[in-house]
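Trainee: Now for the letters of each chain:
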Amino acid sequence: MDRPPPPRRTHARAVLGTTALAVLLGCPTHLTAQSAVGSRWAADAVLARTVQSDELASPLRYRGLGPGVALGYERVRTNSRSGLQLLYMRPSLASDISRGLTFVEAGHRLRMSVPHLREVHERQRLTLLLGGQLAGDAYYRRHDYAPFSEHYLDAFLLLQAMAAVEWRLGPDVRIEQRLALPLAGVAWRGAYTGLKYGPSARFELPHRLQGLTHSVGVSRSVGSGVALRATHEVGMLRHPDPWRLAVLTQWLSVGLEWRRGSVAAVPGVTEAGR
Amino acid sequence: MTRLVRCVPVLALLLAGCDALLYGPEPAADPETVIDLMWREVDLHYAAFAEKGVDWDAVHAMYRPRVGPHTTEGELRATAIAMLSELRDGHVSLSTPQGVWAWDGWWADRPENYDPGVVRDYIEGGLTGTPGGRITYGRLVGGFGYLHIRDFTGAGWAGDIDRALSSLADVPGLVLDVRGNGGGTDKLMNPIAGRFADRKRHFETVYFRAGPAHDDFHEGIEHFIEPMGARRFTGPTMLLTNRRVFSAGEAFVSALSVLPHVTVVGDTTGGGAGNPINRELPNGWSFRVPRSKSLTASGLNYEGVGLPPDVPVQIDEADVAAGRDSILERAMALLGG
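If you read the protein sequences in the order shown, they are chains P and A.
This note's numbering applies: residue 1 is where the first sequence begins, and numbers increase by one.
This note's numbering applies: residue 1 is where the second sequence begins, and numbers increase by one.
No lab work stands behind these hints: they were computed from the structure.
You may find that some hints are simply not true.
[What the hints assert, rightly or not] Covered, in the sense of this in silico footprint (three residues per stretch, anywhere, with C-beta under 8 Å from a C-beta of chain P), are these stretches of chain A: (1) 22-28; (2) 208-214; (3) 282-292.
Ideal Cβ placement from N, Cα and C applies to all residues, glycine included.
Isolated chain A (complex conformation) (with noise of 0.2 Å):
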């Protein structure tokens, strides 16, 4: 028993040792290793395959021959950035020291549809912003209201919006401008589009992936807008987007577009409506895809092809050599001014 018991430490020292075979071999930051570890990554997280109609296989076979072991940093970055962009997807990203690369083909040829400096003539007064600047605000000639929304990035400033919503309290009706809103989080998205319902209702449905299987999906989530905050408009409201409003931007959009005080005028938004993680890769680059996919209340799966608005206006050359927001004056007239 006594050798048995001088075993015990070695047995300590071999569990304290034994990394490589509890773990595995970490990988290696050599650019094979680097484009196969993405390429994996990418096939068991990235939710939007059949949406997308991409052969991620192909995409491997096809962008795979690229890359051997004496790939410079340079052209291992460029062979990663045509293998994401074939996914097409406004949430995919990949940060390395040369900078952060995103699929940007989701609004790089659509009109803008927005100038905040042509908004301004419209406004008596000028606007008012909130402290962190997310949010501006003030009276449309006409006396209805007007509260653009920037972005839901940070956290902590949802309230925010009720000073807004204080000095419009006597408004007969309200623009609502997320126009270039190119999203954040939900938990800021949710109790601001709260200040808006009038009673809970469904808005949309969130399937994440459950496996590695491209169609392996869990069951669907469903994502309420419900009264929230102390202030709260429900009169008439138009709300404006254009092709910039992205991602938590467009839960915005889907989730008001369920209130029936709420027409959505515009264009249509960009399309995003995954949930993305980001991935860390060896040789210290990192990458973003999402792994859900979204359907409104309607049915409709939005990812890659975007919200259409209720009243869809576009702002041409014309208007923009005039200086004139035709989106705005279009809803202006959709309140009665």
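Here chain P stands alone, though its shape is the one from the complex (with noise of 0.2 Å):
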């Protein structure tokens, strides 16, 4: 239970030399060369499973489902893509002794991503791409023992180096892969006592604030510029201050994609752009 030191200043450099290097992988190197060749808007509802510790709540690990909703939009070019995905989840949880009882757990968890990829390799019908993405993760819990409750509230921001890999499986099938590597972050943790004092930020490094998350998403069209799409996601999340928090989280989301320009016709982005 030891309290760690401060960061360094040599932990200062890694996040800014990281930073660095996310940029320069997920910035294509000729801007004015490409050219918009359209975007995708998706909705899609959610169902999640997490399972979590949390020891400024319990010694025990709490598990539960939850319902959700996802948006995203993405911006697609020649060679790169770029956008901004929402997902909203409503967990709801309790340890396997309390369940049914008086200890149960409820929250609010609210996800942000801003990914930027480029693509870096293409052979026939798959498709390379490597980038970061900026991704914040808010949470709140109200944990419950009648009569009372207590309330916890828990942020994170993480720059994230990203890979994606696309399969074009006939005009009308695409299949993609993410996956996301914690590089620095920020992390806005409540107080050893929780809410009853304003969370604290400090920066960290991916020792200490560990946020990954790895995603498989299907989508098939089903008429002009709509495909019907599912994606199967799962999100880890640990960070050790002042209290252990880690966190699971497997989503299944079901949804549409609405596709505008020349994605539209053709759901293999880079076929369509070259």
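Since each chain sits alone in its own frame, please combine them into the complex, following the hints.
Mentor: This is the structure:
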């Protein structure tokens, strides 16, 4: 339970270095040479399963399901992708021993990510993209133990390196996998006693703030400019202070994708651009 | 690169199955783990080790050898209660399938100093209760008002006191009785206390644990009493207390004590200043432990000692035998009755 030492200057330099690396990875080198190909808008219904260890709330592990909704926008260029994704989840959790009793936790979780990817390799129907994303994750929990309750709020801003692979399986079907790994971040954590005091912020490196996500999604065109899509995503978040918080979330989303521009005609984006 | 791509689903499965790596092992439900976890949780959260003079490491050394892998649930419960009793704290309790244990040493050997049946003899026309029954009120012989608040539990009934204050709007003085009020929540205590406030005043500063060291506390959070509600009473008020006044009940006494028109009459309160949390144990038990301490506006830390009255009065055995409430009588006399 020893409190960690304050971040050193070397950490700050490392943050700057990793930030620069991510920008170099994510930003195209010839912006003016890129022309917009189109865009995708998406709306999904989400069912999420959360397993968390939040030592501020309980020494036990909490599990549960919760609904959610996701919205996405992606701007597609000939050799890059950039966009905005929003995910809201409403987890409802309990420990194995407290299920149905008085110890329960309900939360609101909002994730926002701004990815930017650049094509680095293409062969036949497969495209590899590399880049980065800025991901925000705000997580409010109300921990009930009748007749009282505690309120907790933590938020994280992560700079992540990202790799993505796109497969084009015929003219109508596209599969995409994305993996995001942490480079650096900022953690806003509640105090030792929770929200009795305001959250405090500190810069973190991946050895303390671990946040990664992996997703696999498939979309199938069902008409002009419209596609059905399904995505499975796993996200892991862990931070040690002032109490260890570790959250593993898996969610399955199903929804619609609206395509504009030349991506509407052919799901394979790179095909459309060439 | 195809190999790399094929690795991605494997990585996804690893992520989904890496609970143990992510969280570490979940605490087991065996007796030794349970008693160690309970000790550790108290160590990390309890706020009054210094006030109670408790060496928590010594408590562990004393009781831990009593628990082994074959300790029965009854034996484990007895040891857990013995450990928690060392804190001598009325906010500490243990909930098990055998029932709820709570330390009662804060009132068990002290005089009751309150009998609702005797109070009724001093009321003209009987007492009236609000719908939830938490507030009773009436008029004392001599024309002063009488208002009793049983506790501050539940939610959403603070406005009930307005009915009582409307009924007693014309009284020249009020006996405000909180004897037996074992507390509840500040969310009810604050708006009710505000019905008696003349202006905003600081009455208490609360300090929460800020780290694993027993003396590691956050900066204090100041609590204020301030006018609230449509109906208020700011005339001469006698606030009656006994040893059973505890927790939010004591915060109510602490708040009204800073008002110039309020005099506290009766016995010292129970001495429970902490803000408790409940914690679970892996065998299905739970326990409660306070993680804050409070200082009154005058700097008194009343944890374990209670709030002393302005006018100490005890109901002695002769008064009990005679059916007299000498605390109430003294309050009426101080009001001029």
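Trainee: Broken hints, numbered, in rising order?
Mentor: none
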